[in-house]
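Asker: Given next are the chains, with one letter for each unit.
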Amino acid sequence: MKQEDALSLLQPYVDGELDAATSLELERYVMGDAIARAQLARLRSLSSALRAAADYHVAPASLRSGILSGTRGAAAPPKGSTRHVPAHWLRSVGIGVAAAAFASIATVALLGPTQQDLTEHDIFAAHARATVSDRLIDVASSDQHTVKPWLSARLGFSPPVPDLSGRGFELAGGRIDVVGGQRVAVIVYRRRQHMIDVLVRPAREETPSAKSRDGFNLNHFTQNGMSFWLISDLNANELGDLARLLVASAGP
Amino acid sequence: MSENDRRFQDAVLPHLDAAYNLARWLTGNDHDARDVVQDACLRAYRSIGQLRGASARPWLLAIVRNACFSWLRANRPTEVAGSLDDTERAGSTAREDTSPGPETLALENLDRKVLNDAIAALPAPYREVLILRELEELSYHDIANVTGAPVGTVMSRLSRGRRLLAQSFQVVLSHVESGGRR
Numbered sequence: 098m099k100q101e102d103a104l105s106l107l108q109p110y111v112d113g114e115l116d117a118a119t120s121l122e123l124e125r126y127v128m129g130d131a132i133a134r135a136q137l138a139r140l141r142s143l144s145s146a147l148r149a150a151a152d153y154h155v156a157p158a159s160l161r162s163g164i165l166s167g168t169r170g171a172a173a174p175p176k177g178s179t180r181h182v183p184a185h186w187l188r189s190v191g192i193g194v195a196a197a198a199f200a201s202i203a204t205v206a207l208l209g210p211t212q213q214d215l216t217e218h219d220i221f222a223a224h225a226r227a228t229v230s231d232r233l234i235d236v237a238s239s240d241q242h243t244v245k246p247w248l249s250a251r252l253g254f255s256p257p258v259p260d261l262s263g264r265g266f267e268l269a270g271g272r273i274d275v276v277g278g279q280r281v282a283v284i285v286y287r288r289r290q291h292m293i294d295v296l297v298r299p300a301r302e303e304t305p306s307a308k309s310r311d312g313f314n315l316n317h318f319t320q321n322g323m324s325f326w327l328i329s330d331l332n333a334n335e336l337g338d339l340a341r342l343l344v345a346s347a348g349p
Numbered sequence: 355m356s357e358n359d360r361r362f363q364d365a366v367l368p369h370l371d372a373a374y375n376l377a378r379w380l381t382g383n384d385h386d387a388r389d390v391v392q393d394a395c396l397r398a399y400r401s402i403g404q405l406r407g408a409s410a411r412p413w414l415l416a417i418v419r420n421a422c423f424s425w426l427r428a429n430r431p432t433e434v435a436g437s438l439d440d441t442e443r444a445g446s447t448a449r450e451d452t453s454p455g456p457e458t459l460a461l462e463n464l465d466r467k468v469l470n471d472a473i474a475a476l477p478a479p480y481r482e483v484l485i486l487r488e489l490e491e492l493s494y495h496d497i498a499n500v501t502g503a504p505v506g507t508v509m510s511r512l513s514r515g516r517r518l519l520a521q522s523f524q525v526v527l528s529h530v531e532s533g534g535r536r
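If you read the sequences in order, they're chains A and B. For the record, in the first sequence the residue sitting at position 127 is 224 according to this note's numbering, with numbers rising by one throughout. For the record, in the second sequence the residue sitting at position 109 is 463 according to this note's numbering, with numbers rising by one throughout.
Just so you know, the hints here were simulated from the structure itself, not pulled from any lab data. Model, not experiment: these values are computed from the prediction. Each hint should be verified, as a subset may be incorrect.
Unchecked claim - These stretches of chain B come out as covered by chain A in the derived footprint (C-beta under 8 angstroms, 3 or more residues):
1) 390–404
2) 419–433
3) 489–503
Even for Gly, the Cβ is constructed at its ideal location relative to N, Cα and C.
Could you put together the complete structure from these sequences and hints?
Answerer: Structure follows, in C-alpha cells:
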C-alpha cells in the first residue's frame, strides 16, 4: 500500500466504512508509518472528543407531546411564530398510541407470525411506546441496589441488574412493561446519548439472534434461566458489547 | 385511526430526538429548532406514503435537513451562501493537509464549551455532516441521502470539517500554552 492511498483511507477506516480486508491491510501499513499513525491518532481523538463532549439536543417533551396530542398550549412556541401545526392534524395523529400498538399487533397476528415474531414485535412496540411517550423510566436511579429491589417487588422474579458504569454503560433506571401478555423487567442503560432497554423475563428456549428494524437494533440471548432482549438505536456492535457484558456478569 | 397515523407514530416519532438534535445544531437555537421540526413533522406526515421500506431515520432527517436549509436561506443567508464554494473548489481534500501537528490533540483537556462553540462556528454544510456522522452515527450512504450530496462530497466535507475543527482547537490550545508561559 502506498502512503498516499493509506492516508486517504484513514478517514473511512475511522468511520467504519472499509471492508474487513482493506481494514486489515491498512492496519498493517499504519504500524510501519509514523505519519499515518499520527494522522490516525488525531482522527480518532477528534472523533471520540466529539462523541463525548458535543451537546446532544433531545426533543423537549412539550414538542413531542405537542406533535402527538395537539395540545396547542404546550406545543406552541412562546411567541412570534406563524407556523403552527394545524390542530385537526394533531388530533388525528394523537388518537392513541395504545390503539396504534394494538392495531399493529393485530395486523401481524392476521399474517400468521411465529411466536418469536410476535415477541419481537411487542419488544419493538414497547421500546417505541416508551420513547414516544418519554416514559422510559419508572424508577430512575444509577444505583443497582435501588433498581433491582424495585423491579423484584413488582415481578414474580428477580432480574440481574449489574453495574456496568465502569464499562461505559451507565445504569439509568428501570420500568415494567408487557411482552406477549407477560410482565417483563426493563432495565435501562445509557451510552452517550443512546438509551438501551434491556428486557428480562424467565427464559423459554429461544435461539440467540440479532437484527435491526427502522434504525433500531435488537439483540437476544438466554442466560441462567433468563431471556434477555436488548433494544436501542445504539449501533449493533456496541449493543453486542453490552450483551457480552451481561452474559459475563450473569456468570456461567 | 388511519393507516397513515399508525405508520407515522411507529416509524417517525421514535426518531424525534435525532430530528431535533439536527435542527438545533443547524438553526443554533431552541425556538427555531422547534418550529422547523414541527413543520418538518407535518411534511413527514403528509408524505408518509413515500416511506415504503426505506429506513425511517434518514428519510425523516432528510426532510428536517431540507426544512433547516430553507430556514437558513431565509433567516441566515450568509451561513449558506459562499461557505460551500471554498470546499467544493478544494475538491477531494483528503490528502491536502498532512501538516505534522501534535501527535494527538490534547482533546481530553478541552473545555466542553470550547468544543461546542467550535462546532457551532463551522459553516453549516460541514456542521451537518459531522453531526450526522458523529452524533447520529449515520453511514456515508445515509448521510448522502440526507444531504442530497454524492458520497464523495460527503467524504470531502467530513474531512474538511474535521480539519477546520482540529485547527480551531490548536489555536485555542496554543493560546492556552502561550498564556501559561507568560
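Asker: Of all the hints numbered above, which does this structure not satisfy? Sort the numbers upward.
Answerer: Of the numbered hints, just 2 does not hold.
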